[in-house]
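Peer 1: The listed protein sequences derive, respectively, from chains D and X.
Residues in the first sequence are numbered consecutively from 1, following the UniProt record's numbering.
Residues in the second sequence are numbered consecutively from 1, following the UniProt record's numbering.
Calculated directly from the structure, the hints in this document are not laboratory data.
Please note that the accuracy of each hint is not assured.
Repeated chains share a single entry, so a pair holds when one copy, or any two copies, can fit it.
[What the hints assert, rightly or not] Pairs of lysine to any residue, SDA-like flavour, derived with a Cα cap of 25 angstroms: (1) Lys71 <-> Ala345; (2) Lys173 <-> Leu433; (3) Lys32 <-> Ala152; (4) Lys32 <-> Glu219; (5) Lys71 <-> Gln122; (6) Lys32 <-> Ser295; (7) Lys32 <-> Arg340; (8) Lys173 <-> Glu192.
2 protein chains.
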Amino acid sequence: MARPLRLGIAGLGTVGASLARLIVDRTDIYAKRSGRAVEIAAVSARDRSKDRGVDISGFAWFDDPVELAAKADIDVFVELVGGSEGAAPDAVKAALNRGLPVVTANKALLAHHGVSLAKLAQRKNTTILFEAAVAGGIPIIKTLREALRGNAVSRVYGILNGTCNYMLTRMEKEGIAFEDCLKDAQRLGYAEADPTFDIGGFDAAHKLAILTSLAFGCEIDLESVFIEGISAVSNDDIAAAAELGYRIKLLAVAQRTESGIEQRVHPAMIPIASALAQIDGVTNAVAVDSDLLGSILLAGPGAGGKATASAVLSDILDLAAGTSIPTLGVAPASLQPYKRARMRAHEGGYYIRLTVFDRVGAFASIARRMAESAISLDSIVQRRRTGQGDGETTPVVLITHETTEAAVRKALEAVSRDGHLAGEPRMIRIETLD
Amino acid sequence: MARPLRLGIAGLGTVGASLARLIVDRTDIYAKRSGRAVEIAAVSARDRSKDRGVDISGFAWFDDPVELAAKADIDVFVELVGGSEGAAPDAVKAALNRGLPVVTANKALLAHHGVSLAKLAQRKNTTILFEAAVAGGIPIIKTLREALRGNAVSRVYGILNGTCNYMLTRMEKEGIAFEDCLKDAQRLGYAEADPTFDIGGFDAAHKLAILTSLAFGCEIDLESVFIEGISAVSNDDIAAAAELGYRIKLLAVAQRTESGIEQRVHPAMIPIASALAQIDGVTNAVAVDSDLLGSILLAGPGAGGKATASAVLSDILDLAAGTSIPTLGVAPASLQPYKRARMRAHEGGYYIRLTVFDRVGAFASIARRMAESAISLDSIVQRRRTGQGDGETTPVVLITHETTEAAVRKALEAVSRDGHLAGEPRMIRIETLD
Chain D
1 MARPLRLGIA GLGTVGASLA RLIVDRTDIY AKRSGRAVEI AAVSARDRSK
51 DRGVDISGFA WFDDPVELAA KADIDVFVEL VGGSEGAAPD AVKAALNRGL
101 PVVTANKALL AHHGVSLAKL AQRKNTTILF EAAVAGGIPI IKTLREALRG
151 NAVSRVYGIL NGTCNYMLTR MEKEGIAFED CLKDAQRLGY AEADPTFDIG
201 GFDAAHKLAI LTSLAFGCEI DLESVFIEGI SAVSNDDIAA AAELGYRIKL
251 LAVAQRTESG IEQRVHPAMI PIASALAQID GVTNAVAVDS DLLGSILLAG
301 PGAGGKATAS AVLSDILDLA AGTSIPTLGV APASLQPYKR ARMRAHEGGY
351 YIRLTVFDRV GAFASIARRM AESAISLDSI VQRRRTGQGD GETTPVVLIT
401 HETTEAAVRK ALEAVSRDGH LAGEPRMIRI ETLD
Chain X
1 MARPLRLGIA GLGTVGASLA RLIVDRTDIY AKRSGRAVEI AAVSARDRSK
51 DRGVDISGFA WFDDPVELAA KADIDVFVEL VGGSEGAAPD AVKAALNRGL
101 PVVTANKALL AHHGVSLAKL AQRKNTTILF EAAVAGGIPI IKTLREALRG
151 NAVSRVYGIL NGTCNYMLTR MEKEGIAFED CLKDAQRLGY AEADPTFDIG
201 GFDAAHKLAI LTSLAFGCEI DLESVFIEGI SAVSNDDIAA AAELGYRIKL
251 LAVAQRTESG IEQRVHPAMI PIASALAQID GVTNAVAVDS DLLGSILLAG
301 PGAGGKATAS AVLSDILDLA AGTSIPTLGV APASLQPYKR ARMRAHEGGY
351 YIRLTVFDRV GAFASIARRM AESAISLDSI VQRRRTGQGD GETTPVVLIT
401 HETTEAAVRK ALEAVSRDGH LAGEPRMIRI ETLD
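Turn these sequences into a full structure, and let the hints steer you where they fit.
Peer 2: Pasting the structure below:
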């Protein structure tokens, strides 16, 4: 057996501490499984004295992760510092510059600097592995980068943010309002004090931008992701969806179209009898449509110290076993430029919920506006809800056949201008599965 | 770039022909993705002249797959001949003896001879890759062998036979009887003329035996798999399951218990709101419970020429990229002997359906027999079905709390002996997910 693979781990938070404990406790079994022993040679963290359930006194200590990456006597640099600017990219670059492979869980780093870091890695004849950066413990990076290599992917999509999925699940199952649900999620640690990054869809967008590159062999383009969060999803929408045979999930979707590649994060209605619709709570799921496989689905824990450590370990043990694969699946020079498909050209079905003043001709006017935009309707539900308001308005739910985003926006602007609506129209995209 | 990786493909049926077309059509993209060109150097099949949609005249031809494996100028031997005896194992051994890596889709070969072939591969410093042997296009071999390397697995289970799942889906959705459903499946090509291998559970058992070895690091032991097929599943069972919040699937389960590792294939009731319960038709799914990840689920096509070719390609392109991993994940010497957990010791909930003669005291007698076996009941449904029989019997459905297989068998034998039953009692195991 070769001499042990020596790790330098920067960042000993929940994931890093879990990782360190596992590597110490399972030395023998991991050596058996990857054909080479793995050991920790150096660590870096904010606080040297904190109890992490593992004795770190035998590892070289560095106050500065960049210094660890640049100088420690290691074979692999494990970046668990986080953040797209500052110490994380500096340390990763320092390690790559020495020709060391890097393992990271840092989605922001990849989403912002993935291509330039992949180029640096390539120049130095090394690589960056980042299974933990997307969907936690689900092996979606390995699946896209290795298992699907024979396929042409047409769409990759999924539930990539546990906070949003937890909230939507509770809103549906318990009928709790968005704001109350958010407070609960914050109290339980599923949402940050400032929840914008999660519920605004930005976290999912970062992960999607990475998946897009792997799925389509193109450059990462975070700026082009269309993002709509879940804060406008109401209990009324969720109830209407259920009646129509749908469930609402925050989906992240990258899809090849005639005009380019769509990247979009938004609440979406999916068939309630689909496997994806059963993905509850903080669980994540990713589906891939491709020409040879049709559709495959992977589901599992999207976050958490142990699940993330499992993904980091998968990368480390791959390196110990001698695996070598370019950062983004192909050599950076082979990556295509990302060609954006505009959201206005998006094609699909739409759920539209209108609150309409009870007036003669209102509904005819709405129907005319839809027809003017060449939108045909699959179903129309107009019903007075008992116990709602003063009876002067009626909720109307429309489900369209396949149409374009531009047509729907145009129709809704016209309907709004006509003055028949109390409040803004609501629109939720319907995602066709399989 | 290194010189091309030269393949010898034995077997040009649906999968082999699909594979050959893909390798010819996508030479450039595959070279980009694996860093090394892949080309076909030699082929073997029954009929040289058959049109397979690909020109094979440029490849060296062998009438005999064993001769191809032994003598062709190749770097990798791809075995798509099939069968656990005869040409397939002979050719695989011939290739391994030359130190050539083997890629195969042959579950029977692995289930029967996996350990001895792994030992031969190890001695010759090469390996066998077999992603296509289990669950078609789902990357479960890669996931178990690589992505979960950091984990201790406690259970691997899933829907591994498309024929059975297709039949159970149609029986439920359309209320078709088993025999009619089987005829349809045969007509549509989803079931063989002799369907025993599929509906008897043997196909799933072969796949399970392979997964067990990878999940638990033990030797393959096909003979120890407990097997019960789907032919006794009735529409009444399916309807009763639905009423109780369950769906019936043929599950293959390998589970670590206190007394060893259970391997079992049988119809099972799973919660109707689970993702696994939504896996319809010929789709396969595999779930893995492990200590770091909790539960992950992979679903996708379990068979078909293109999906299987995708899995074979994944292995070939891994080899082109330089991956090397022992056949069964660890060196054969590190494999533990398989320690069987007896089915009688199996613990779980049970669905029991009895057809009881309408007599005073019959139900009390049944309840007493359950109590004597220390079985506590979660729910009891006794109901006269309209339009069934002459009113002399009543169907009774019992759901037990967790108990043992031995207790249930003992209780049912006693109930049968008491003479209250018209016909044999039915029993279906309930599988707890997550």
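Peer 1: What hints, given by number in increasing order, does this structure fail?
Peer 2: 1
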